[in-house]
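J.: Spelled out from the first residue to the last, the chains are:
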Amino acid sequence: MTAKKLVLPRLGFWWVAAGILLIALGVIAAVRFTKGLGAVTNLSDPFPWGLWIGFDVLCGVGLAAGGFAIAAAVYVFHLEDFKPILRPTILTAFLGYALVIVALIFDLGKPWNIWHPIVMWNPHSVMFEVGWCVMLYTTVLFLEFLPAVLERFRLAKPLRILAKASPFLVILGVILSTLHQSSLGSLFLILPHKVHPLWYSPLLPVLFFVSAVAAGLAMTVVESWFSRRAFGRPIETALLARLSRTSVVVLALYLALRLRDLIARQALPTLFPLSLASWLFLAELILGVVVPMVALATAWVRSSPRRLAIFQGMVVLGFILNRLNVSITAVESATGYRYLPAIPEFLVTMGLVALGMLGFCAACKYFNVFPETQWREEEKWRTAPAASLAIDG
Amino acid sequence: MARGMLIDVTKCVGCGACVEACQQANGQPPHEARHFDQDTFTYLLDRGNDVYVRRLCMHCLNPACASACPIGALRKTAEGPVTYDPQRCMGCRYCMTACPFGVPTYEWFSPAPRVRKCEMCARRPQGPACAEACPTGATQAGFRDQLVAEAQRRIQEDPKTYYPYIYGLREAGGTSVLYIGPAEPEALGLPTHVGFEPLPQLTWRALKHVPDVVVFGGVLLSGFWWLTKRKEEVARHEGAHKSKEVNHDR
Ligand code: SF4
Ligand code: SF4
Ligand code: SF4
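Respectively, the protein sequence lines represent chains A and B.
Each residue of the first sequence is one higher than the last, beginning at 1 in this note's numbering.
Each residue of the second sequence is one higher than the last, beginning at 1 in this note's numbering.
The set of hints was computed from the structure by calculation and includes no laboratory data.
This one's a predicted model, so the numbers in the text were calculated from it and none came from an experiment.
There may be inaccurate statements among the hints.
Simulated crosslink set (DSBU-like; lysine-lysine; CA at most 35 Å straight-line) [unchecked claim]:
1. K157(A) - K231(B)
2. K164(A) - K231(B)
3. K110(A) - K208(B)
4. K157(A) - K229(B)
Pulled out of the complex, with its shape left as it was, chain A reads as follows (with noise of 0.2 Å):
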C-alpha cells in the first residue's frame, strides 16, 4: 500500500492525457457516425484498410497473445510458477479484444451488422473466420477472467464450476488463438499483386502465429514491468527472465521461418534499390528480432527487469512494425497508391489504447489482479530486502 502514495502524483498527467483523448474519441465517434468514415479518415477505395486495422486490430489482437501462451504454460502444461502472471495477462488479453471490438465498431462501415457472420455464413471466407474467432475468443477471455470477479463478489458456486471448466476453457482458447492469430496473416493471401515480395508469403498465417506468440510473451514482460510503476507491484525477475528465455526460442524459430520463406522465394532482391520499404524492412526484422534475440539470450539482460523490459519492448515495437509493414507499407510499394493515416485515425488509436490502460487500472483496482504475486512478494521482501531491491533496480 506504500507504494501507492509514490505512484498517485506521478499519474497526474497520464489522467490529463486520458481525459483529453477520450474528449477526441467521442467528438470523432460523432463525426464519423453522421458524416462517414471519409470525414475522419484518409482511406480510400484503392486504399480501403488503414491505421485502424493496421494497428488496433493486427496489432490488439497480437499483443493479446500472451493471453493464451501463459493460459497455456500454467493449466496444459501445469507450469505453475507462472501463475502470478497469469491474471494480469489474461486481463490484458480481454482488455485488448475488447478494444478490437471497439475499433472494429469505428471501422467497419454498418456496424449495427457486425453479428451477421453468426447467420450468414461463407466459410470460404478469411474474414469469417477472423469474426468468429474474435467473437469467441473474446467470450473464452471473459470467462478466464470471470474468477477474479467472482472472488470480489464472494460467488463461491460459478467459482467452482468455472475451476472445474478452466481446462477445458483454456484449451478452446488455444485453438482459437492460434486460429485468430494465423487467419489475420491468412486475410493478405488473396492480394498477391498488392503486397510487397519482401511481405508477401504463402506462409503468412503461420509468421502472423509465431510473430505473435514472440509478441504475447514480450508484452506480457513488458506489462509486469509498467504495472510495477503504475501499481508498485513487484515483479518476478527470475519468471520474467525464464519467459524471456523462451522469447530467444520463438524469436530464434520465427527468423529461420523468415528467411528461409524469403530466399525460398527470391525475394530478398527485391530488396534493392533501397527504398524507404526497405528500410522499414530492415528495421522490422533486425531491430525488432535480431538484436533482441540476441541481447536476452544474455544472462546479463536476464538479469535485470529493466533491461529486460528495453529488449522486450524492442520485440514489441518490431512486432507492430511488422503489423504495419504488412497492412500499409507493403500495400503502399505493390500498388503504388500512398496512405498517411489522418490525425482524427491517430486520435481514435490513442484513445483507444487509453481507454485499455483506464481498463486495466480500474480491473487492478477493483478486482484481484496479481493476487499471488503480492502474497509471495510480500514474503520474500520480507525476508530479503536489499537484495531484491538490488535486483530491481
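With chain A fixed as given, assemble chain B with the ligands onto it according to the hints.
T.: Showing chain B with the ligands alone in chain A's frame:
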C-alpha cells in the same frame, strides 16, 4: 448457361453512350466518368489513337470479392453477374482489398455506406443497359460460351485488326466479361498482373487446415494437459512417500 459481355475495343468509337446509359440505369447523376467511384461503375480509358477501352467489373468466374466477403453480401450468381446485397454487408471492405481489378468502391461519406460496383444490371429485365445503348456493338451481352466463340471467330477472320488474345478467358481464373482489341492487354491498359489462378484458391490453401488445427490441436493439448497433470500427481505422490519415509527414519 451463364451470361457475360464481350467488349470489342476495335469497334469502340468512344461515344460514351454506355457510360451515360449506365449512370441512368443506376440512378446516378450524369457526370464525366474517369475512374471507378461510388457513382461510376464504368468509364472509358482513352489510350490515344482513337483507342478507347471500357472498364467495368469483370464478373470473375471465381470472384475474389465474393470469396472474401464473410457474409456472402457479394455473390456469383448462376446466371453470371456478381451481385451485391447492401442489407447483408457490414462494411469490412475486404472485398475492395481482395478484388485484383480494383473494381469495388465505397460510399466514404455516407453514415450507412454501401459497396458500389457494376452488377451486370442483374436486376434489369432487359439485361445490361450499356450493351443496349452501344451503337456500334463494341459492347455486346450474351452467353459467355457464345461470346467466346464469337471472339475467336472475329480474331480468326480478321487477324490484321485483332491482336490474337481474349482477355478474360483465363485472367484470375476466367471472367464473364471478355475483351478483344487491336493490341495486347497491357497496351490497352487492362490489368495484367492478375495472373491466371483463381485467387480464392490462395486463401483456401490455408483455410482448409482449420479443421485440422481444431482436431489435432485439441487432442494434442488435452494430451499434454493429462500427461503433465499425471506427472504432477506422481510427483506429489512420491513427495508424500518420501516425507513419510523421512518421518519414518526419524
Ligand atoms: S472484378 Fe473484382 S469486383 Fe468484379 S467480380 Fe471480379 S473480384 Fe469481384
Ligand atoms: S464490405 Fe460488405 S460486401 Fe464487402 S466484404 Fe465486407 S461485408 Fe462483404
Ligand atoms: S452492366 Fe449495367 S451496371 Fe454494369 S456497366 Fe453496364 S450498364 Fe453499368
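J.: Please flag the earlier hints that this structure goes against, numbers listed from lowest up.
T.: Violated hints: none at all, because every hint is consistent with the structure.
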